[in-house]
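> Residue numbers (the numbering used here), protein chains in the order written: chain A, 1 to 122; chain B, 123 to 362.
Rather than coming from a laboratory, the hints here were simulated on the basis of the structure.
Glycine residues also receive a C-beta, built at the ideal position from the N, C-alpha and C atoms.
Take these hints with a grain of salt, some might be off.
Here are the simulated distance ranges between beta carbons [unchecked claim]:
#1 A:L106 to B:D250: 54 to 64 angstroms
#2 A:S14 to B:R261: 29 to 39 angstroms
#3 B:V178 to A:A38: 55 to 65 angstroms
#4 A:W89 to B:T128: 35 to 45 angstroms
#5 B:M180 to A:V99: 44 to 54 angstroms
#6 B:E269 to A:G24: 29 to 39 angstroms
#7 A:W89 to B:F142: 26 to 36 angstroms
#8 A:G94 to B:D189: 36 to 46 angstroms
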Amino acid sequence: MTAAAGTALPFSRSATWLWIAHRGSAVVLAFGVVVHLATMIYAVHHGLTATAMLQRAHATLAWPLFYGVFVVAVAVHGPLGLRTVLAEWGRLRGPFVDVGLAAFALLLLVSGLRAVYAITLA
Amino acid sequence: MSASTTLRVRIWRGGADGAFHEYEVERRPSQTVLDVVTQVQRRIDPTLAYRYACRVGMCGSCAMTVDGKARWTCRTHVDAVSTSDRLEIAPLAHLPIVRDLVVDMAPFFDKWARAGGSFVPTRTRKDDFARVEPSTRQRRAVDAAIECIGCGVCYASCDVIEWRPEYLGPAALNRAWTLHNDVRDGAKAERLRKIAGSDGCNACHTHESCTLRCPKHLAPTASIAGLKRATALAALKGRL
Numbered sequence: 001m002t003a004a005a006g007t008a009l010p011f012s013r014s015a016t017w018l019w020i021a022h023r024g025s026a027v028v029l030a031f032g033v034v035v036h037l038a039t040m041i042y043a044v045h046h047g048l049t050a051t052a053m054l055q056r057a058h059a060t061l062a063w064p065l066f067y068g069v070f071v072v073a074v075a076v077h078g079p080l081g082l083r084t085v086l087a088e089w090g091r092l093r094g095p096f097v098d099v100g101l102a103a104f105a106l107l108l109l110v111s112g113l114r115a116v117y118a119i120t121l122a
Numbered sequence: 123m124s125a126s127t128t129l130r131v132r133i134w135r136g137g138a139d140g141a142f143h144e145y146e147v148e149r150r151p152s153q154t155v156l157d158v159v160t161q162v163q164r165r166i167d168p169t170l171a172y173r174y175a176c177r178v179g180m181c182g183s184c185a186m187t188v189d190g191k192a193r194w195t196c197r198t199h200v201d202a203v204s205t206s207d208r209l210e211i212a213p214l215a216h217l218p219i220v221r222d223l224v225v226d227m228a229p230f231f232d233k234w235a236r237a238g239g240s241f242v243p244t245r246t247r248k249d250d251f252a253r254v255e256p257s258t259r260q261r262r263a264v265d266a267a268i269e270c271i272g273c274g275v276c277y278a279s280c281d282v283i284e285w286r287p288e289y290l291g292p293a294a295l296n297r298a299w300t301l302h303n304d305v306r307d308g309a310k311a312e313r314l315r316k317i318a319g320s321d322g323c324n325a326c327h328t329h330e331s332c333t334l335r336c337p338k339h340l341a342p343t344a345s346i347a348g349l350k351r352a353t354a355l356a357a358l359k360g361r362l
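Same shape as in the complex, but just chain A (with noise of 0.2 angstroms):
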């Protein structure tokens, strides 16, 4: 940042990189949702067994490498929602939030990626 900066507002630029990281996985999840519900309500409409999902699901590594981008996009865009909801409605704001938030990423992130690696991979 330069010194013409100087009345910026506060974390100007990495508020922005946030919010392209939002938009930017929002658009990643209404197609992911898409395909989501497409194969869920496929799966049941076909009547298939459990374990006839399973096999499909490790049939191809797209499925992991999907799932795996879902899960990615849901981590990052779901935090990014609630940072902005705990600001304005709850007026939470802070680098204590953030680092909760952080936390809350982490976790869906590792808890989505085992989902993932437990269904498609191992």
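Using the hints, position chain B against chain A.
Just chain B now, with coordinates in the frame of chain A:
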């Protein structure tokens, strides 16, 4: 027009801890809300404080909350906003009340300054006039947003200001957008840094209350969307 010949109008009196007082005024054809307030002050209670100047929708000084919605009162007919014989008039929301219907506009205009709302010239008076083609994309963007009269209706209608009082608000960001598209301006990069961030353009939720309520039919939401694109692009290029 309502069949009733009188209008029972509740008007906010006092400061932030004030209360509504009810007055009865004569109802007339083509009566504006500002006419009603003026009638109360001239005929019933001369201590009523309110603000107006041009009375023709140019100066932006007479905005108030009419039946819960921010409006310019000089161009708002009573018949257009009230189907009954009642009317409620309060000061603009989101700004400190000075007294009665007068609010302190300083926080509103301070944010224009914080958003880099001043033109920064790149030429001197010795240079020739700048020639700006009316058909260019930038000039058309300026044209669409430039007619703001600074009435504060958008600011009072904005949900984000309610939740995030430090938010710059629609009018200040709309002003920044016109300057961002002004090819003569020399402070675009610095201005983007001033309006980026969670209290700047990125805070807008696109509720479009500002666009819905703007008496000049401007679209501050579109201006803010333009600033979001510009700040995101600047960040991606490492220029923010």
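> Starting from the hint list further up, note which numbers the structure goes against and sort them upward.
none
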